[in-house]
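Trainee: Given the sequences, and given the hints that come with them, work out the whole structure.
Those sequence lines, one after another, are chains A and B.
Going by our numbering, the letters in the first sequence line up with residues 2 to 497, in that order.
Going by our numbering, the letters in the second sequence line up with residues 28 to 475, in that order.
Hints listed in this document are in silico derivations from the structure and should not be mistaken for laboratory results.
Owing to the predicted nature of the structure, the values given are computational and were not obtained by experimental measurement.
A portion of the hints provided could be inaccurate.
Each computed EDC-like pair below joins lysine to aspartate or glutamate, with the alpha-carbon atoms no more than 16 Å apart [unchecked claim]: (1) A:Lys-442 - B:Asp-37; (2) B:Lys-310 - B:Glu-154; (3) A:Lys-468 - B:Asp-325; (4) B:Lys-392 - A:Asp-39; (5) A:Lys-130 - B:Asp-68; (6) A:Lys-493 - B:Glu-309; (7) B:Lys-347 - A:Asp-192; (8) A:Lys-96 - B:Glu-75; (9) A:Lys-208 - A:Glu-232; (10) A:Lys-468 - B:Asp-327; (11) A:Lys-96 - B:Glu-77; (12) A:Lys-96 - B:Asp-113; (13) A:Lys-468 - A:Asp-480; (14) B:Lys-181 - B:Glu-209; (15) A:Lys-208 - A:Glu-235; (16) A:Lys-493 - B:Glu-154; (17) B:Lys-392 - B:Glu-460; (18) A:Lys-96 - B:Glu-79; (19) B:Lys-428 - B:Glu-472.
Covered stretches of chain B, as calculated for chain A (at least 3 residues, CB under 8 Å) [as the list claims (entries may be wrong)]: (20) 59-72; (21) 196-205; (22) 223-231.
Glycine is no exception: its CB is placed at the ideal position from the N, C-alpha and C atoms.
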Amino acid sequence: MIPTLSGNQGLQIEEPLIFEQDSPGACGVDLPDAPAIDDRLGGLARQGPIGLPGLAEPTVVRHYTRLSQKNVGIDSVFYPLGSCTMKHNPRLNEKLARLPGLADIHPFQPQGTVQGALELMDTCAHWLKTLTGMPAIAMSPAAGAHGEFCGLMTIRAAVAARGETRTRILVPESAHGTNPASAAACGFTVDPIPATARGRVDLAALKAKLGPDVAALMLTNPNTCGLFEDEILEIAEAIHGAGGYFYCDGANYNAIVGRVRVADLGVDVMHINLHKTFSTPHGGGGPGAGPTVLSAALAPFAPLPAVVHDDQGFRLIEHAAQSGAMPVGRIKGYHGQFGVFVRALAYMMSMGADGLRQASSDAVLNANYLLAELSSDLSASFEGPCMHEALFDDRFLKDSGVSTLDFAKALIDEGFHPMTMYFPLVVHGALLMEPTETESKDTLDRFIATVRGLARRAQDGGAESFKAAPVFTPRRRLDETTAARTPVLRWKPPAS
Amino acid sequence: MRYLPLTGADRQAMLAAIGASSADDLFRDVPVAARRDAPVDLPFHAGEMEVEARFAALAARNMAAGSVPFFLGAGAYRHHVPATVDALIQRGEFLTSYTPYQPEVSQGTLQYLFEFQTQVALITGMEVANASLYDAATACAEAAAMAARVTRRKKVLLSGDLHPHYRSVAASTLQFTDIAVEALDPDPLGLEDLLGRVDSQTACVIVQNPGFFGRLKDLTALAEECHAVGALLVVAVAEPVSLGLVAPPGAMGADIVVAEGQALGNALNFGGPGLGLFATREKYLRQMPGRLVGQTVDADGRRGWVLTLSTREQHIRREKATSNICTNSGLCALAFSIHLSLLGEEGFTGLARLNHARAVTLADKLARLPGVKLLPQSFFNEFALLLPKDAAQVVDALAAKHILGGVPVSRFYPSYPELAEVLLVTATETTSEADMDAFAAALREVLQ
Numbered sequence: 002m003i004p005t006l007s008g009n010q011g012l013q014i015e016e017p018l019i020f021e022q023d024s025p026g027a028c029g030v031d032l033p034d035a036p037a038i039d040d041r042l043g044g045l046a047r048q049g050p051i052g053l054p055g056l057a058e059p060t061v062v063r064h065y066t067r068l069s070q071k072n073v074g075i076d077s078v079f080y081p082l083g084s085c086t087m088k089h090n091p092r093l094n095e096k097l098a099r100l101p102g103l104a105d106i107h108p109f110q111p112q113g114t115v116q117g118a119l120e121l122m123d124t125c126a127h128w129l130k131t132l133t134g135m136p137a138i139a140m141s142p143a144a145g146a147h148g149e150f151c152g153l154m155t156i157r158a159a160v161a162a163r164g165e166t167r168t169r170i171l172v173p174e175s176a177h178g179t180n181p182a183s184a185a186a187c188g189f190t191v192d193p194i195p196a197t198a199r200g201r202v203d204l205a206a207l208k209a210k211l212g213p214d215v216a217a218l219m220l221t222n223p224n225t226c227g228l229f230e231d232e233i234l235e236i237a238e239a240i241h242g243a244g245g246y247f248y249c250d251g252a253n254y255n256a257i258v259g260r261v262r263v264a265d266l267g268v269d270v271m272h273i274n275l276h277k278t279f280s281t282p283h284g285g286g287g288p289g290a291g292p293t294v295l296s297a298a299l300a301p302f303a304p305l306p307a308v309v310h311d312d313q314g315f316r317l318i319e320h321a322a323q324s325g326a327m328p329v330g331r332i333k334g335y336h337g338q339f340g341v342f343v344r345a346l347a348y349m350m351s352m353g354a355d356g357l358r359q360a361s362s363d364a365v366l367n368a369n370y371l372l373a374e375l376s377s378d379l380s381a382s383f384e385g386p387c388m389h390e391a392l393f394d395d396r397f398l399k400d401s402g403v404s405t406l407d408f409a410k411a412l413i414d415e416g417f418h419p420m421t422m423y424f425p426l427v428v429h430g431a432l433l434m435e436p437t438e439t440e441s442k443d444t445l446d447r448f449i450a451t452v453r454g455l456a457r458r459a460q461d462g463g464a465e466s467f468k469a470a471p472v473f474t475p476r477r478r479l480d481e482t483t484a485a486r487t488p489v490l491r492w493k494p495p496a497s
Numbered sequence: 028m029r030y031l032p033l034t035g036a037d038r039q040a041m042l043a044a045i046g047a048s049s050a051d052d053l054f055r056d057v058p059v060a061a062r063r064d065a066p067v068d069l070p071f072h073a074g075e076m077e078v079e080a081r082f083a084a085l086a087a088r089n090m091a092a093g094s095v096p097f098f099l100g101a102g103a104y105r106h107h108v109p110a111t112v113d114a115l116i117q118r119g120e121f122l123t124s125y126t127p128y129q130p131e132v133s134q135g136t137l138q139y140l141f142e143f144q145t146q147v148a149l150i151t152g153m154e155v156a157n158a159s160l161y162d163a164a165t166a167c168a169e170a171a172a173m174a175a176r177v178t179r180r181k182k183v184l185l186s187g188d189l190h191p192h193y194r195s196v197a198a199s200t201l202q203f204t205d206i207a208v209e210a211l212d213p214d215p216l217g218l219e220d221l222l223g224r225v226d227s228q229t230a231c232v233i234v235q236n237p238g239f240f241g242r243l244k245d246l247t248a249l250a251e252e253c254h255a256v257g258a259l260l261v262v263a264v265a266e267p268v269s270l271g272l273v274a275p276p277g278a279m280g281a282d283i284v285v286a287e288g289q290a291l292g293n294a295l296n297f298g299g300p301g302l303g304l305f306a307t308r309e310k311y312l313r314q315m316p317g318r319l320v321g322q323t324v325d326a327d328g329r330r331g332w333v334l335t336l337s338t339r340e341q342h343i344r345r346e347k348a349t350s351n352i353c354t355n356s357g358l359c360a361l362a363f364s365i366h367l368s369l370l371g372e373e374g375f376t377g378l379a380r381l382n383h384a385r386a387v388t389l390a391d392k393l394a395r396l397p398g399v400k401l402l403p404q405s406f407f408n409e410f411a412l413l414l415p416k417d418a419a420q421v422v423d424a425l426a427a428k429h430i431l432g433g434v435p436v437s438r439f440y441p442s443y444p445e446l447a448e449v450l451l452v453t454a455t456e457t458t459s460e461a462d463m464d465a466f467a468a469a470l471r472e473v474l475q
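Mentor: Shown next, in the form of structure tokens:
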């Protein structure tokens with residue numbers, strides 16, 4: 002191919018940094034002039050220019066529009082990123098989150114002027130408690146990992162309130178990295194538990210690790226292999242029998258909403274990723290929200306604030322002295338991810354009790370369809386049925402010269418976002434596919450046909466094309482080693 | 028059900044392909060005792076019109092800031108957000124993408140985060156910044172933990188002029204670690220002496236500028252004192268617009284800057300989501316929490332961007348990670364970055380001058396009222412007033428007159444009776460002269 006003169010390739014436009022488009026004097030806003038005053042800066046005015054580029058509004062619009070075109074999202078492609086639940090993000094939720102009565106309210110307005118907002122938080126909490134069957138909830142965690150941290154803090158406080166010292170947390174080897182990181186941030190030590198050949202927690206190994214110093218088990222269910230822990234009641238009984246608590250990582254809760262109540266599994270505490278299960282957008286990395294449901298035993302330790310309701314209306318409890326409980330304090334500024342609550346509640350109300358149950362069924366059906374249709378060409382790690390995601394490993398690529406990474410990159414050229422790669426760690430070269438319930442059978446069939454074709458190409462000596470992939474993207478494979486060895490983390494003006 | 032594409036016929040065909048008799052059959056690994064045969068006790072699905080009506084009713088029971096004269100701040104600021112910001116962040120390629128793990132199809136997210144990191148470093152006067160944390164309060168806790176790692180010390184000192192939520196989040200977050208947090212009493216009068224409290228055990232001191240009570244401080248001497256004993260100075264900024272006019276923490280010797288980015292590009296949203304900004308010196312890079320985007324080249328030698336230094340992070344390092352954070356505030360960072368791009372040097376400094384001028388005008392109007400005392404001598408766009416009456420009661424009386432007249436400090440410190448009459452008041456570019464006059468007149472009435 003002859004390179005283009007401009008460096009652009011049709012709809013793919015090369016776009017410099019904003020700093021490289023500086024037009025001194027240009028500005029994308031028209032502000033009134035500041036009235037003349039004697040400043041009250043106490044001699045602390047900034048000296049010298051900041052170095053921000055000047056850009057008119059059209060330049061800014063074109064810049065970010067072009068950047069957006071170098072991205073894919075759920076809006077544009079099938080995005081079966083396992084464990085991440087890339088489901089459709091309804092625009093109704095965005096519209097409602099922008100109502101002035103919900104977006105343009107301040108966290109410290111008098112509470113009589115935000116009764117609708119407090120009712121919204123309370124209603125969102127009610128839906129989450131009812132769906133999970135859990136009696137209490139902490140709404141303030143900002144994300145899944147923050148919910149883990151919140152839950153572990155309540156466990157730590159509850160253990161201390163019993164006059165005990167328990168410092169060890171059991172975490173399966175297949176767990177998300179946030180689990181051990183959250184445990185460490187809460188001052189616990191982490192003890193790994195192996196998996197069985199069936200991809201589940203090894204109950205005997207778990208029992209052998211229990212002891213008077215174990216504070217909790219952190220278990221993802223459905224687990225990160227996409228399987229339901231079928232011995233979960235025995236697991237819960239074992240941890241409770243040893244005086245520990247059962248933390249459930251709710252990252253995969255979307256598989257069972259409306260079909261299984263978490264409370265019926267013996268769970269003491271679970272965070273819920275509203276940005277996964279309840280359809281709020283991932284936004285290229287966030288924001289999310291991680292409300293955390295709690296058992297009666299852990300509820301008194303929930304962090305502040307909390308919304309309560311009495312004949313005076315809705316009220317925020319913001320201080321321990323008002324709470325009548327033993328809160329672990331405050332873990333997030335203000336009242337939690339309110340804008341995310343608006344979107345999640347809009348989704349829950351749109352779907353309803355019946356729709357949420359159907360969504361779980363369809364998510365599981367779609368994943369099992371992938372598992373069934375791809376098992377002959379790929380190597381399924383475990384026997385089905387799976388839950389909301391299907392796990393394969395790289396045995397089908399053995400001796401092909403193609404790695405899991407190469408396979409994923411080839412999928413990009415075919416117009417699909419890759420599945421999660423190399424996670425969970427318990428199988429070799431993992432490919433974890435989560436289709437979600439918002440994909441049609443037609444999309445799945447096209448994906449299946451493509452994956453099968455690629456698997457055959459890999460097995461038929463096509464390694465070279467995999468190694469080169471992707472070629473139809475704004476950038477081809479990027480050199481991550483150099484990026485880490487000599488970090489360039491910001492733009493700097495060229496030396497003059 | 029509008030979000031579910033599968034038809035009944037699809038489901039039957041798929042079950043047949045799987046070899047399952049029913050959807051229930053796919054859930055056969057769930058213990059029988061835990062299966063539920065019917066939907067839970069919640070309303071059934073609803074169309075857009077019904078849901079909109081329900082939310083409109085909730086929204087109507089809130090007093091929107093833009094509908095009345097409005098003077099609240101205390102860490103959450105109401106600025107005018109250009110229409111361009113919201114139009115651009117709602118592009119599906121930004122809104123509906125995940126964390127940019129696949130760089131070849133995420134250059135858009137990666138490039139704007141690289142630009143965001145640069146903007147944050149420039150306005151704070153620091154060398155490097157990360158791709159965002161949840162909010163300034165959690166960023167304070169992360170900064171304290173990072174300072175403890177850097178210095179291998181275990182004592183953290185929190186100023187009484189630090190936002191009370193930043194203080195409580197830092198203290199709560201670190202309570203089960205071996206780091207000891209000492210929080211000084213709230214300091215409305217600017218009397219606290221931090222210089223005398225830093226010693227060879229101190230990992231860091233965390234101060235805020237402008238302070239929670241509005242005061243602007245020269246932190247240079249404190250930075251020197253910290254460095255002389257091997258401690259770090261962490262500076263929190265609650266109002267990033269101040270950085271358009273006030274000397275940045277980096278110029279005063281800060282080692283870590285944490286800030287709340289909400290004020291640029293983002294609505295109030297009742298306080299969340301926020302946007303935690305986090306910047307530091309290059310030498311502390313490997314102890315930093317959060318994601319970082321770095322520049323590199325692709326297989327054809329073209330410039331591109333990737334997530335980098337991820338060996339600090341939980342998905343690689345697990346319990347030895349610098350933080351447990353995974354999800355951050357990516358889309359809020361985009362809004363911040365677009366707003367700052369629109370502003371540029373001229374707009375950002377002009378916006379800051381306008382905010383300061385409005386606040387000075389308002390402070391003069393209010394301080395003329397009988398019995399009202401302006402507490403800080405120097406401030407940016409927010410200041411504490413000492414009233415002759417209980418500030419919470421004053422604010423309620425003003426709200427009854429449809430004026431949202433500031434934040435009573437007792438909301439944060441109910442157990443400090445000496446703060447009951449302190450009110451925090453903010454003016455921004457959205458505050459009109461008429462708003463100020465209405466506020467001054469109403470406050471005069473309420474105080475009589």
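Trainee: Count the residues of the stretch 223-231 of chain B whose CB lies closer than 8 Å to any CB of chain A, then report whether that count reaches three.
Mentor: This one is violated; 0 residues, fewer than the three required, reach chain A with a Cβ under 8 Å.
Trainee: Mind checking the alpha carbons of A:Lys-96 and B:Glu-77 for me, to see if they're no more than 16 Å apart?
Mentor: Roughly 14 Å between the alpha carbons, so the hint for A:Lys-96 and B:Glu-77 holds.
Trainee: Is the straight-line distance between the alpha-carbon of A:Lys-96 and that of B:Glu-75 16 Å or less?
Mentor: holds (11 Å)
Trainee: Do the alpha carbons of A:Lys-468 and B:Asp-325 lie within 16 Å of each other, as the hint requires?
Mentor: The hint holds at about 14 Å.
Trainee: Please work out if A:Lys-493 and B:Glu-309 have their alpha carbons no farther apart than 16 Å.
Mentor: holds (14 Å)
Trainee: Please verify whether A:Lys-96 and B:Glu-79 have alpha carbons no more than 16 Å apart.
Mentor: With a Cα-Cα distance of about 9 Å, the restraint between A:Lys-96 and B:Glu-79 holds, given a limit of 16 Å.
Trainee: Just to be careful, I want the Cα atoms of A:Lys-208 and A:Glu-232 compared with a cutoff of 16 Å; is the pair within it?
Mentor: Since the Cα atoms of A:Lys-208 and A:Glu-232 sit roughly 13 Å apart, the hinted pair holds (cutoff 16 Å).
Trainee: Taking only the CA atoms, is the gap from A:Lys-208 to A:Glu-235 under or equal to 16 Å?
Mentor: Holds, because 10 Å separates the two Cα atoms, which is no more than 16 Å.
Trainee: Is A:Lys-96 close enough to B:Asp-113, meaning Cα to Cα at most 16 Å?
Mentor: Judged against 16 Å, a Cα distance of about 11 Å means the pair holds.
Trainee: Would you check the hint for A:Lys-468 and A:Asp-480, treating anything up to 16 Å between C-alpha atoms as holding?
Mentor: Distance of about 14 Å is within 16 Å: holds.
Trainee: Taking 8 Å as the C-beta cutoff, is the stated coverage of the stretch 196-205 of chain B by chain A satisfied by three or more residues?
Mentor: holds (count 8)
Trainee: Holds or violated: B:Lys-428 and B:Glu-472, Cα atoms, limit 16 Å.
Mentor: holds (10 Å)
Against the hints set out earlier in the document, a violation occurs for number 22 only.
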